[in-house]
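Protein chains in written order, with my numbering: chain V, 1 to 276; chain S, 277 to 534.
It should be emphasised that the hints constitute simulated quantities derived from the structure, not laboratory data. Check before you lean on any hint, since a few could be wrong.
Simulated DEER-style distance windows between Cβ atoms [what the hints assert, rightly or not]: (1) S:Pro504 to V:Ser175: 30 to 36 Å; (2) S:Asn310 to V:Ser175: 26 to 32 Å; (3) V:Cys40 to S:Glu406: 21 to 27 Å; (4) V:Ser23 to S:Phe298: 41 to 47 Å; (5) S:Pro295 to V:Phe146: 55 to 61 Å; (6) V:Ala257 to S:Glu406: 39 to 45 Å; (7) V:Val200 to S:Glu406: 36 to 42 Å; (8) V:Val92 to S:Asp444: 51 to 57 Å; (9) S:Gly293 to V:Val200: 36 to 42 Å; (10) S:Glu507 to V:Ala28: 20 to 26 Å; (11) S:Gln412 to V:Val140: 35 to 41 Å; (12) V:Val115 to S:Ile335: 42 to 48 Å.
Since this is a predicted model, take the numbers as computed values, not measurements. Glycine is no exception: its CB is placed at the ideal position from the N, C-alpha and C atoms.
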Amino acid sequence: MGTAQRDATAKIVSGASWGQALSRHPGAVQILVAFFLILCWEAVGRTSRFAILPPLSGIMQGWWNILFTRRAAGGTIGTLPENLLLSGQALVAGGGLALPSGILLGTLMARYRKVEYLFDFYINAFMSAPTAAFIPIIVVLFGLGFTARVVVIFLYSFFVVCVNTSTGIRHVDRSLVEMARSFGATERQLFWKIMIPGAVPLIMAGIRLGIGRAVKGVINAEALFAIVGLGGMVMLYGNSFDMEKLYAVIFTIVALAYVLMKSVHLIEKRLTRWQE
Amino acid sequence: MIDIRNIVKLYKKQEDGRPVEFYALKGFSLRIENHEFLSIIGPSGCGKTTLLKMVDGLIPWDEGEILIDGRSVSGPGPDRGMVFQNFALLPWVDVIANVGFGLELRGVKAEQREAVVLEYIRAVGLDGFEHHYPRQLSGGMQQRVGLARALAVDPKILLLDEPFGSVDAQTRRLLQHDLIRLWERSQKTAIFVTHDMEEAIYLSDRVALMRPRPGSVQEVLKVSLPRPRNEEIKKEKSFVDLKEYLWEQLKGMQLPKS
């Protein structure tokens, strides 16, 4: 066997084992892809003449800076931890109101025809409407402070939770309802032992979507009128073209959204394990 | 005794935009003695499941009366336990919780129902699967759970709605064998809805033959085969003759195309 031929064989063999290794460790693929993207970003950032794409090392530097500094070219805004806390408070307050009340109204709509007739149209209209359009009205009604931001977050996340809950309860397997009736279930038992557990998958999906929308709501409110929190930092550093810091804030927001989504998803998977 | 007297059920449906009424059941009468195993057989769509659910108190009717030991049926009650065609198991809990569900609804505490539940899980041959979820079980095993759930509430009357209709032929025979064994031991009254002639004869003391639209009893046949029964009786002449007779009757009952 000639050397060239042996090399070719070796290449094929190593190629196959690479493919096998990748398919066996999909996590490794993700890390490799991320590493590649980081390298590209760094390379383009260092060689490009436009400030629009700073190198990642610069963004890390910017991230380190906004952990402590309050000054920006366009004005003053708190440090990243301070603003993270501000956004977090609004998020917890808005989401904390929207999730339980969405589940409650969704439940009432599924159980009582009259409630459904009353609200169905408005809920669906609001859910499909772009919530940002209502922001000026909210500002007029509630001002520019904490309350207005909480209202915006509420409006962003409430409707999807409500609709999912009501759909989930209404679409519970009819044969299970019949079975429970046959074994003498009371209305209360039907509700707690059949409707609610049966609706858990859709309710959890609604909560996940609702939290995703709440994050959008808080950033939109802060960027559009409040100029505080993470959204405020985006506006301020964006307007002053401080790209390193802007990207640092954006990455923080993306990470926050991802961690929130992932944790809800884990709870969701645990609660709906019976479905797989 | 279950006394079903002259039941009439009128259904209204839309046909070409016009409301059309038709009789699902008309003049349905049947008596089932205590400790009797009676099968109801008939072509699909003849209303046999509807009738069974009426006896269970799940579906209302328009005229007539259903009496159980002289008392009129007005809803589900603890004297009846139902086994469903599609199993109707709770997918989010394990076998133990499913078998104990009827008892749970009656307010029996978990510690108190455990012994009964385990006993019936063993009776239907599911020991070792106590903590499995329905999706982890085969169709036949799921229906064993359904059967154990109905037996666990210790009803006087067992109502079975084509319980083995959606399992394969071999499993079906095993389930029939186990059902007959369980029933012979318990001596409950049983109404068994099926469209399988062999199954109806093999299990029953009497077979009620239904004709469709409007659904009513055409004939009630007595099965004079000794108990306890086993697969061997399926070869006996009286068994084969009865099956032939049923087939002759059912063959003529083509449903009008709807």
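Hint check for Asp444 (chain S) and Val92 (chain V) - Cβ pair distance inside 51 to 57 Å: 54 Å Cβ-Cβ, so the 51 to 57 Å window holds.
Pairwise beta carbon distance, Val115 (chain V) to Ile335 (chain S), judged against the given window 42 to 48 Å: 27 Å Cβ-Cβ, so the 42 to 48 Å window is violated.
Satisfaction of the hinted span 55 to 61 Å by the C-beta atoms belonging to Pro295 (chain S) and Phe146 (chain V): Because 58 Å falls inside the window, the suggested range holds.
Consistency of beta-carbon spacing, Ser175 (chain V) to Pro504 (chain S), with hint 30 to 36 Å: 33 Å, holds
26 to 32 Å as the expected CB spacing between Ser175 (chain V) and Asn310 (chain S), which holds or is violated: 29 Å, holds
Consistency of beta-carbon spacing, Val140 (chain V) to Gln412 (chain S), with hint 35 to 41 Å: Violated, at about 57 Å.
Beta-carbon spacing of Gly293 (chain S) to Val200 (chain V) - inside the hinted bounds 36 to 42 Å or not: 40 Å, holds
Outcome for the supplied range 20 to 26 Å, where the beta carbon pair is Glu507 (chain S) and Ala28 (chain V): Check failed, 58 Å falls outside 20 to 26 Å.
Supplied distance hint 36 to 42 Å, evaluated on CB atoms of Val200 (chain V) and Glu406 (chain S): 23 Å, violated
Satisfaction of the hinted span 41 to 47 Å by the C-beta atoms belonging to Ser23 (chain V) and Phe298 (chain S): At roughly 59 Å between Cβ atoms, Phe298 (chain S) and Ser23 (chain V) fall outside 41 to 47 Å, so the hint is violated.
21 to 27 Å as the expected CB spacing between Glu406 (chain S) and Cys40 (chain V), which holds or is violated: Violated, since Cys40 (chain V) and Glu406 (chain S) (Cβ atoms, about 55 Å apart) do not stay within the stated range.
Assessment of proposed distance window 39 to 45 Å (beta carbons of Ala257 (chain V), Glu406 (chain S)): With Cβ atoms ~42 Å apart, the hint holds.
This entry does not satisfy hints 3, 4, 7, 10, 11, 12, going by the numbered hints stated previously.
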